[in-house]
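Chain order of the listed sequences is B and Z. For what it's worth, the numbering used here labels the leading residue of the first sequence as 6, then goes sequentially. For what it's worth, the numbering used here labels the leading residue of the second sequence as 6, then goes sequentially.
Source of the hints: derived by calculation from the structure; they are not laboratory data. Any given hint might turn out to be false.
Straight-line distance between alpha carbons at most 27 Å, and here's what the computed DSS-like set of lysine-lysine pairs gives [stated by the list, open to error]:
#1 B:73 / Z:64
#2 Z:79 / B:597
#3 Z:412 / B:342
#4 B:64 / B:134
#5 B:64 / B:79
#6 B:514 / B:586
#7 B:595 / B:134
#8 Z:595 / B:595
From the derived model, a few chain B residues whose C-beta atoms are all more than 10 Å from chain Z [claimed, not checked]:
#9 20
#10 24
#11 37
#12 187
#13 378
#14 410
#15 416
#16 426
#17 494
#18 516
#19 558
#20 593
Backbone N, C-alpha and C fix where the C-beta goes; we use that ideal spot for every residue, glycine too.
There are 2 protein chains.
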Amino acid sequence: MATILRLFLAQVNATVGDIRGNYKLISGYVKEARESGSDLVIFPELVLTGYPPEDLLLKTAFIDENLKYIEKLKSVAPDIIVIAGFADSREGSIFNSAAVIYNNRIWPVYHKQRLPNYSVFDEERYFRKGETDYIFKIANNLVGLNICEDIFYANGPATVQSIEGCADLIINISASPYHTGKIDEREKMLATRAYDNRVNIAYVNLVGGQDELIFDGNSLILDEKGSIVARCRPFREDFIIRDIDPGGVAEARLKDSRFRIQKHGMKEAGNRIEVVDLDYKKNTALLKRCCPYRAPNNKTGTKLLKYSNFISCPEEEILEALMLGTRDYIFKNGFKKAVVALSGGIDSALVTTIASLAIGRENITAVLMPSCFSSSECIEDSFTLVGNLKINHMVIPITEIFESYLKNLKSLFKDVEINLTKENIQARIRGNIIMAVSNEKGWLVLSTGNKSEISVGYCTLYGDMAGGFSPIKDIYKTTVYSICRFINKKYNNIIPESIIARAPSAELKPGQKDRDSLPPYDILDRILFCYIEEDRSYNSIVGMGFDPVMVRDVINMVDRSEYKRRQASPGVKISARAFGKDRRYPVTSKFKLQ
Amino acid sequence: MATILRLFLAQVNATVGDIRGNYKLISGYVKEARESGSDLVIFPELVLTGYPPEDLLLKTAFIDENLKYIEKLKSVAPDIIVIAGFADSREGSIFNSAAVIYNNRIWPVYHKQRLPNYSVFDEERYFRKGETDYIFKIANNLVGLNICEDIFYANGPATVQSIEGCADLIINISASPYHTGKIDEREKMLATRAYDNRVNIAYVNLVGGQDELIFDGNSLILDEKGSIVARCRPFREDFIIRDIDPGGVAEARLKDSRFRIQKHGMKEAGNRIEVVDLDYKKNTALLKRCCPYRAPNNKTGTKLLKYSNFISCPEEEILEALMLGTRDYIFKNGFKKAVVALSGGIDSALVTTIASLAIGRENITAVLMPSCFSSSECIEDSFTLVGNLKINHMVIPITEIFESYLKNLKSLFKDVEINLTKENIQARIRGNIIMAVSNEKGWLVLSTGNKSEISVGYCTLYGDMAGGFSPIKDIYKTTVYSICRFINKKYNNIIPESIIARAPSAELKPGQKDRDSLPPYDILDRILFCYIEEDRSYNSIVGMGFDPVMVRDVINMVDRSEYKRRQASPGVKISARAFGKDRRYPVTSKFKLQ
Chain B
6 MATILRLFLA QVNATVGDIR GNYKLISGYV KEARESGSDL VIFPELVLTG YPPEDLLLKT
66 AFIDENLKYI EKLKSVAPDI IVIAGFADSR EGSIFNSAAV IYNNRIWPVY HKQRLPNYSV
126 FDEERYFRKG ETDYIFKIAN NLVGLNICED IFYANGPATV QSIEGCADLI INISASPYHT
186 GKIDEREKML ATRAYDNRVN IAYVNLVGGQ DELIFDGNSL ILDEKGSIVA RCRPFREDFI
246 IRDIDPGGVA EARLKDSRFR IQKHGMKEAG NRIEVVDLDY KKNTALLKRC CPYRAPNNKT
306 GTKLLKYSNF ISCPEEEILE ALMLGTRDYI FKNGFKKAVV ALSGGIDSAL VTTIASLAIG
366 RENITAVLMP SCFSSSECIE DSFTLVGNLK INHMVIPITE IFESYLKNLK SLFKDVEINL
426 TKENIQARIR GNIIMAVSNE KGWLVLSTGN KSEISVGYCT LYGDMAGGFS PIKDIYKTTV
486 YSICRFINKK YNNIIPESII ARAPSAELKP GQKDRDSLPP YDILDRILFC YIEEDRSYNS
546 IVGMGFDPVM VRDVINMVDR SEYKRRQASP GVKISARAFG KDRRYPVTSK FKLQ
Chain Z
6 MATILRLFLA QVNATVGDIR GNYKLISGYV KEARESGSDL VIFPELVLTG YPPEDLLLKT
66 AFIDENLKYI EKLKSVAPDI IVIAGFADSR EGSIFNSAAV IYNNRIWPVY HKQRLPNYSV
126 FDEERYFRKG ETDYIFKIAN NLVGLNICED IFYANGPATV QSIEGCADLI INISASPYHT
186 GKIDEREKML ATRAYDNRVN IAYVNLVGGQ DELIFDGNSL ILDEKGSIVA RCRPFREDFI
246 IRDIDPGGVA EARLKDSRFR IQKHGMKEAG NRIEVVDLDY KKNTALLKRC CPYRAPNNKT
306 GTKLLKYSNF ISCPEEEILE ALMLGTRDYI FKNGFKKAVV ALSGGIDSAL VTTIASLAIG
366 RENITAVLMP SCFSSSECIE DSFTLVGNLK INHMVIPITE IFESYLKNLK SLFKDVEINL
426 TKENIQARIR GNIIMAVSNE KGWLVLSTGN KSEISVGYCT LYGDMAGGFS PIKDIYKTTV
486 YSICRFINKK YNNIIPESII ARAPSAELKP GQKDRDSLPP YDILDRILFC YIEEDRSYNS
546 IVGMGFDPVM VRDVINMVDR SEYKRRQASP GVKISARAFG KDRRYPVTSK FKLQ
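Based on the provided sequences and hints, a complete structural model is requested.
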């Protein structure tokens, strides 16, 4: 008869390449899990190396160090089962792997079988596919172990382990990146997998930011009915402690003819499934220790016995993702402070606010760089925002420097009017100044471009695009507005209403407005979504009722701006199709609208 | 009895996305091949779409257009067999494919079986693997067809087609990118494959530049002894017309026990190989047409009956690659002219010279931007080079603009001395000016950084790194010198000797020399090669005898500069490991030297 198992799901924020640091993080949680009387403590995919390690995986020194530390984990707590992701090396190949560590040894290592190689993923570049399904027998419980993508397929390892291998519990360790809608998709998939296979699922996802990617956490425990019975908080380190009673699985399977011939054994498992008996019965003392559940600990985690989403609306979810991505990029790259060029427009107001919320108001400086084209309203609003956020600021006017350029470049220009070249010169003066502040102070520059303008190239390379990280790079302008409104609701109108109300302008020439160069943002963003996220053709978008000339212009602008995006700083991926690793376009391309 | 076949190898320069343009290019060669009395005309891998089309392959409109034009090829010349690469679509999957077009129909399409997903390649991202080997029977000749990577494996399709399928001739269509040493490697591999399988090989490679990549051409015909009997010129469009007599194959196989039981038929081919009879005998009239070989045509191609490498030394090969890459990037992106910031240093001198050779002296402008730190020698040398190359130039001094920055940023600096921040301000003023020239004139900016400085970050983001394309981005400083010396030998000392002789300096503060911040370039470049190209660890490099402190400093500089490279412009890949798609490193990484 299977016994109750106490699980500890450790939703940790590992750092790519920081193998020693990740080892320490893991060890700390192992000790905590042991104290809580847990039988198993489970960590995310590739937790030891961080995810994705990219071409670090091609260095033998990197692989060797990760192997050294997975060995070290054996002795941290021999009387608890530790499951942790690492990069295994066998027969000259590297595998995306899960180690089962218990009683001073590493038990057979599971190798991921489904390697994603689409969207932001390049796993076929690094890893060989695993070929074996394991069932671990833990005090008469049958536990199937698999990794991330493995569980996304209805006919994948989770199903083989459940139906052929009779697993009561499936453990999936993941590093599943966030985009809007993904949390819900993933939950539905896991619920379906649990229900279809009449199995408990413990899903442990990574949390944290890594360059473009956000891992949202949202680790879950589901029962054999597909109900979520516990959940880690999203976008932060957290843990769950929960007892799993396999009785429900046995009962559900009695009513399911697919399981009728099993009788607590293996049903025609064949050679594909290997059963590993962890001989855990000798340690039933541990199972009987039966500590009470720990009280929720607000600092490092909490247990949740009831479903709760924690997130009130899509804007809050996106804001949390942006804050986590910005904070982790800054701190994991060794910066303590950041700087933003504040124009009085909505984009820089949002980025400044996000940064202030993410890393603390004392760590953010706003730089105001007014020119002769800056309106007094914008300057005033900038000061108001600085005051509301209680952040430091500097004012460095650019008029005199701009005049000095115009004087020295006189021979280049036919007349004195402001044209696109002169607009770009101003933007690049600001880029130069903000980088000088960054160089002198050691602060990271956050650039302020949104997805709408980066899509159509309504931004200046080396000007407003200058910076180390772009928090709102994947946020369309219309979403910029809705997030600002959400922030004002939650944080007492911290962003001056006039910033939100004013018609957008780059203020690089007299009377300039975005709407003179671009379609209205509500239309532009819908066309962009169709073209970028959905890969729709010109004909298909026009067929939806948009103005053909406008669609043609927008597509042309997107295609022509690829060279700018190639030199843009990384930013937080929020959408199902972000620029960067997610959309690999040639710069040189003569493919024209269809 | 097999008949003599006349082959036409069309080594063309296709453009990514320009399906209509590529179709026209193909049609032109098909007509030319027909006039030459050829039986088959063969084009490179994915010639219709250009290579690599990257995420354009995820657009149905793109796939559909390529299918439309492969259909159109049927009617161009029904009495010659056309073999051309395209993206086939079957059962919801896309295949990297070769069409065999003859007699107004497309015969069974070959689907590439080995999909490269390492280095710069992402083919698993887009394509499904093919599973069938074909043998095409053409007037009693057995012809095996495969695609690029397929032939790189000793046990791959070429061998199956030859040994099991009895092919007399293997046709391999390729888009195989260049790096130094690759031409020789590829030749040796093809010679081995031909000899091992006692088979003729017709290898047709793409030529041209596409973003980072150069396709070098070097299309070849090899006989069953593994000897190269004809070769297209490298780094330009070219063609070969040659008669293939399968008699040699039959004779060689009589002496080889592996082929003893064949007797001009299929030996235990099993289900894997499908034989397609093109019924070509009905058209023996064509085979008897027997045109004389065409005289060499300097404009579009030449035939070569004897082996010749065309290239005198590695420096010439690299120079040809750089010229092709630079020319194709400029012209394929719709630019007519380019501009370079000429400092008087060796890097900008080399880039200006390459550009002038690549796109014509009348299309290049040099911009001199002297500061108070510019030496009179550098300024003089710049004028001498401009005179030698007979190119246009502009002079725009930056001193006054720099002073204007210093005045407006006074509060930022503790003292008046030039520090790194102030050096960067100067570099970014030049970046702003060269971009203004580009914006105003519509010229592409070529940036001048070499691989040594981009590796260690000895360059200014948005400053000297500003630009659309970096011709020498993958050339170490020591190679910069050897290419300059080669150019001076070939082009009558066009680069002033004093530029080559002078100790390198950024001239951003008084008396500055590269050697004050960096190890000597001959040592630096060797350490960089070990770390970047060979992925060696710190311990391994120190073990080779280099100074441990120097190795540590260099590795740290390389690792810390990833964020700069992420925002660098693309450049020509020359090495086996270039920055860009070829080396995918996380910016956020705490992996430390071992």
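Hint by hint, here is what the structure shows:
1. B:73 / Z:64: 45 Å, violated
2. Z:79 / B:597: This hinted pair holds, its Cα atoms lying about 24 Å apart.
3. Z:412 / B:342: 25 Å, holds
4. B:64 / B:134: 19 Å, holds
5. B:64 / B:79: 24 Å, holds
6. B:514 / B:586: Status violated; Cα separation ~35 Å.
7. B:595 / B:134: 37 Å, violated
8. Z:595 / B:595: 40 Å, violated
9. 20: 5 Å, violated
10. 24: 7 Å, violated
11. 37: Fine: 23 Å to the nearest Cβ keeps residue 37 of chain B off the interface.
12. 187: Correct as stated: the minimum Cβ-Cβ distance to chain Z is 19 Å, above 10 Å.
13. 378: 17 Å, holds
14. 410: Non-interface label fails for residue 410 of chain B: nearest chain Z Cβ at 6 Å, not farther than 10 Å.
15. 416: 8 Å, violated
16. 426: 4 Å, violated
17. 494: Answer for residue 494 of chain B: holds, closest chain Z Cβ roughly 32 Å.
18. 516: Nearest chain Z Cβ is 21 Å from residue 516 of chain B, so the label holds.
19. 558: With a cut-off of 10 Å, residue 558 of chain B remains clear of chain Z, as the shortest Cβ separation is near 17 Å.
20. 593: 5 Å, violated
Hints 1, 6, 7, 8, 9, 10, 14, 15, 16 and 20 from the earlier list are contradicted by this structure; the remaining hints agree with it.
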